[in-house]
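A.B. asks: For reference, the chains in residue letters:
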Amino acid sequence: MIEIEGVSRRFGDTLAVDDVSLRVEAGTVTALVGASGSGKSTLLRMINRLIEPSAGTVRIDGRDAASVPGEALRRGIGYVIQGYGLFPHWTVSRNVATVPALLGWDRARIARRVDELLRLFDLDPDVYAAKLPHELSGGQQQRVGVARALAAEPKLLLMDEPFGALDPLIRAKAQDDLVALQRRLGITVVLVTHDMEEAIRLGHRIGVMERGRLLQYAPPAELLARPAPGYVERLMGGADRPFQLLSLLTVADARDDGPADVGADVAPVPETLDLRDALGLLLWRGVDSLPVVAADGAPRGRLTLSAVLRRAGRPA
Amino acid sequence: MTASGAAAGRVPRARFPGFDRVGVVPAALAALALALPLVTFKPNRIAAGRGVAFWAALPPAAAAAGGLLLLLIGLAACLRVAPASRLGLALVALAALAGLVGLAPGAVALPGMPYARVSFAAGFWTLLLAFGIMAADGSARLALRPGPRVLLLGAVLLALAGLFASGWWNGLSILKEYAAHRDGFWAEAVTHGGLAFGSLFAALLVGLPLGVACARMPRLRGAALPALNVIQTIPSIAMYGLMMVPLGLLAGAVPFLGALGIRGIGAAPAGLALFLYALLPVVANTAVGLDGVPRDAVEAARGMGMGGARRLRAVELPLAAPVILTGVRIVLVQNIGLVTVAALIGGGGFGTFVFQGTSQAAIDLVLLGAVPTVVLAFTAAVLLDAAAEAAGRTPA
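Residue numbers (the UniProt record's numbering), protein chains in the order written: chain A, 1 to 316; chain B, 1 to 396.
With the rest of the complex left out, here is chain A (with noise of 0.2 Å):
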């Protein structure tokens, strides 16, 4: 749990953040988002102390971050950045294992861990771990980048636009991949964006900055019904927010016991898909309902275009 109070950051005459307090619980990611310079960033390097804050406190799990030194404090922290700063002339194997190095693990152990991480991010060992940096893709070097941040099994995350380098169709999977590795580490994640649909797809809770000040700080589905009037109201106000909505519920959230009125060769949806992208099978086939099955495959009665539509639209 990290509980920022009453934090500011002044760089000569500009506040960069300005008395901004919030929590974030244990084993949840936050979204941090905001334009370039309303202060996310600083906000972010201000919790492992790459940034001093000029006031308020931050305690990470009870403990105020100051107490602790800085080097010690961050070797605790993983720490990814938007151009995941790989070492250029350390092979993929020597970059996950800077903090093990750092923390004086012996050789055995970090050598071990580093192959069990390139193994967790579909890195094979045999083929990577003597790569240089500037032999991978993209999206490999930025699974490199997020696996030397976890190397030292931190309990938490910071993340400064760590897909912003990546192409549309990758950054969606690596979306994926971080959700699926946050709910299996159980690890608590700050990011900063500022990408308001990244925001949505990957907080629990999200934080809206604007010239330093922490304007709303709500999880998404009350940020896209109850928007802050001003600047979060405008930012949410776009054309797309029925389907920002639909994407935070699942079919299960919407599916009822009736008998979907399609014959029986219609493939079923899965209840764990989004509402968006059930939507967009429904209109795809143009049929008014299809029938719903369980991860197991057992069927769970159907969804349905009205159902479906029902939540489309502005919250009570």
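Each hint should be verified, as a subset may be incorrect.
What the hints assert, rightly or not - Residues on chain A that point at chain B, a partial pick, calculated with CB under 8 Å:
no. : residue
1   : Arg74
2   : Phe87
3   : Pro88
4   : Leu102
Because the hints were derived from the structure by calculation, they are not lab data. This structure is a prediction, so every number in the text was calculated from the model and none was measured. Even glycine gets a Cβ: it sits at the ideal position worked out from N, Cα and C.
Fit chain B to the known structure of chain A by using the hints.
C.D. replies: Same frame as chain A, now just chain B:
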């Protein structure tokens, strides 16, 4: 790919090796050189000499065969031959030239003239230049990796050593000068190397930290680099002169320093001057090299809790190494040349022979100082280029 493919498609007569424009230079030089005097014959060491043409300086059979070989290789340089053959042919030509010129003393001087001297003349130097260019061109086009390049250099140096050890050139004037100055030669070689490498070492000790500080502190950089730049513009003779007065005064005031060999003339002012010249390339290249380290890598290193000293040692300096080594190369080549001038103030080194030879009007003695300096500088340049390239491509 497609462009070159289309271009190749339009020239179906490429079966005949085409005409190579760069190769014309060595070919023309080689042709010209055969018309110039190959060696100079002098009745004694300082008498005026007369040039002896290629054809007259060698036994007829050697002159005919050697001249034909050199002409053919020069002709080959004009054609589009593979880079490896270009380099190989140039090396054959250079070896042939070295062999041929060794025959000249026997052919030109009479046995009854013990003081007669046979030295290299314009023809020899021009041939050396011609095939040197051809070899450099071939090796540049081959784009050899650092390892093979160093091996090639080693082979050439070994061949040179073998040539001298064999005594094949002993009749030539420069080796007669060597024989007369044998002990001094190696002592001056040690002094020369000591001054060049010692001042480089001192410049690294001071310049690397200063370069790192300049990269971190723009204001220091704004003061230090212009100051070092000014030092670079001082002519070397003036610099040596400038060193004499303060060091002389210092040695007078502090007898202990005088006892260490620090005085207004000799190796101390020379070393100090070389050190000052060496600072700019070391400091500037260190600062520029560190500027070029990817910011992301430094940011990531900080974000993972890597301390400043460790970041410098493990990330920044290795990534800046190619640029820093380029600076070291500049310093070393520059210093090896500048040490020659240090002989003026009694600093020693190969320059001693150059100035002695100049005052005695003995060109061959000048060469005894100049040729090893060039070989040393060339060797240092090749080795450090290879090191810089290797540092840029291999993982640390």
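A.B. asks: May I ask you to test the interface hint for leucine 102 of chain A with respect to chain B, counting a Cβ-Cβ separation under 8 Å as satisfied?
C.D. replies: Cβ of leucine 102 of chain A sits 6 Å from chain B, so the hint holds.
A.B. asks: Regarding the hint that arginine 74 of chain A lies at the interface with chain B, is the smallest CB-CB distance below 8 Å?
C.D. replies: Holds, because the Cβ-Cβ distance from arginine 74 of chain A to chain B comes to roughly 4 Å (cut-off 8 Å).
A.B. asks: Would you check whether proline 88 of chain A satisfies its interface hint, that is, whether its CB is within less than 8 Å of any CB in chain B?
C.D. replies: holds (7 Å)
A.B. asks: Regarding the hint that phenylalanine 87 of chain A lies at the interface with chain B, is the smallest CB-CB distance below 8 Å?
C.D. replies: With Cβ-Cβ at 5 Å, under 8 Å, it holds.
Of the hints listed earlier, there is not a single one the structure fails to meet.
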